[in-house]
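Asks: Taking our numbering, the leading residue of the sequence shown gets 415, the next gets one more, and so forth.
Everything labelled a hint here was simulated from the structure, so no lab data went into it. These figures come from a predicted structure and were not determined experimentally. Just so you know, not all the hints are guaranteed correct.
[Claimed, not checked] Taking lysine-lysine and the DSS-like style, the derived pairs with C-alpha atoms no more than 30 Å apart in a straight line are:
1. K451 - K418
2. K418 - K566
3. K669 - K698
4. K416 - K452
5. K416 - K698
6. K669 - K707
7. K416 - K707
8. K422 - K707
9. K698 - K452
10. K422 - K566
11. K698 - K418
12. K422 - K519
13. K418 - K452
14. K452 - K669
15. K566 - K519
16. K707 - K519
17. K452 - K566
18. K452 - K707
19. K698 - K519
20. K707 - K451
21. K698 - K451
22. K416 - K566
23. K451 - K416
24. K707 - K418
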Amino acid sequence: MKYKMLGKSGLRVSELCLGAMSFGTGWGYGSEDDESKKVFEAFTNAGGNFIDTADNYLEGHSETLLGGFIHSERDRYVIASKCTLCSPVGSQYPGDPNATGTNRKHMREAVEASLRRLNTDYLDILYVHVWDFLTPVEEVMRGMDDLVRSGKVHYIGVSNAPAYVVARANTIAELRGWTRFEVYEGQYSLLSRTIEREVRPMTRDLDMAVTCWQPLSGALLSGNEEEINIRVRSGYPAPSAAQWEVIRLVGAMAKEVGASPAQVALNWLRQQPGVVIPIMGVRKAEHVQDNLKCLEWELTAEQMQCLNDATRIDLGYPGFDLSLVLPGMTYNNMQAQLEDQGRLPAYFGR
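Go ahead and model the full structure; you've got the sequences and the hints to work with.
Replies: Listed below in structure tokens is the structure:
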């Protein structure tokens, strides 16, 4: 296992993250408690130290299980949890209007409840789970900074938020000397690349790490028919014709390199520019073992190009061809000119 720096911080996290949303079966899928522990051990025995959960996963059961797993060696692990959505802390008061959101009251209560379930004194990373447009950005960032200064949280991140909001939040935090977001968690895979329109350029420009949920598109890219069927039975739509084309391409490439489709899909993410860390959502220890094998090899430049071409999205405005408004000025020759001048921004080179 190798380790990567989280954003501009000095925190070192494993190049794969273990997702704990599958710890427990209360949502109709996932792992039984005993199997969840085997999944955890398979990951950590391989050197994995980065584990992702949330206060509302399985109504708190995910955090409770994870707290039992990490307790004897708490400081060894980097534990990320989240707040914003209606969390178990508010369930004892039906209809409580403050049992959700990122106002100071709910953030504090949600974090303290997470700490109790995780049986720990601190979170390594606290994410804003979904952006709360009712709470002013200044309140969110100052509230997060207060949690860091209290010692209950070490670093902060944000998930499922527009790029312009994150950029504004980090700018305000840096100007006022508050803690800034070091990591963005978002949906990213070969079958879901819309994050590349605004969020990925923003994260590279602000030196933020990216963690990817559903890196296998909810098992569609796993090559495992059983897992795909479980996904469909859980209420997800069956793959579209266009998705099947990508699934077959990934499967063919996996056979070509002697690996699993899951490893191909994970490596495509791992080899994206910047710090990009897939979050493995697995139900069985054997799935962990298979996914970890992606760390032993890489896709060639030709294979990356093939996958890029097959799944490329329209970036839309303003990501269009510059030659439409600046004759002779294409993306490629602008990149070349900037490179010559030593002024190439981080978001080029995607």
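Asks: Holds or violated: are the alpha carbons of K451 and K416 at most 30 Å from each other?
Replies: Within the cut-off at roughly 23 Å; holds.
Asks: Within 30 Å, alpha carbon to alpha carbon, are K416 and K698?
Replies: holds (23 Å)
Asks: Would the pair K698 and K519 pass a check requiring their Cα atoms to be no farther apart than 30 Å?
Replies: violated (37 Å)
Asks: If you draw a straight line from the CA of K416 to the CA of K707, is it 30 Å or shorter?
Replies: holds (13 Å)
Asks: Mind checking the alpha carbons of K707 and K519 for me, to see if they're no more than 30 Å apart?
Replies: violated (43 Å)
Asks: CA of K566 to CA of K519, is that 30 Å or under?
Replies: The given pair, whose Cα atoms are some 15 Å apart, holds under the 30 Å limit.
Asks: Is K422 within 30 Å of K707, Cα to Cα?
Replies: holds (28 Å)
Asks: Within a Cα-Cα threshold of 30 Å, do K418 and K452 meet the stated pairing?
Replies: Measuring from Cα to Cα gives roughly 25 Å; hence the hint holds.
Asks: Would the pair K422 and K566 pass a check requiring their Cα atoms to be no farther apart than 30 Å?
Replies: holds (20 Å)
Asks: Check the hint pairing K707 with K451 against an upper bound of 30 Å on the C-alpha distance.
Replies: holds (20 Å)
Asks: Are the Cα positions of K452 and K707 separated by 30 Å at most?
Replies: holds (17 Å)
Asks: Taking only the CA atoms, is the gap from K422 to K519 under or equal to 30 Å?
Replies: Holds, because 28 Å separates the two Cα atoms, which is no more than 30 Å.
Of the numbered hints listed earlier, those contradicted by the structure are 16 and 19.
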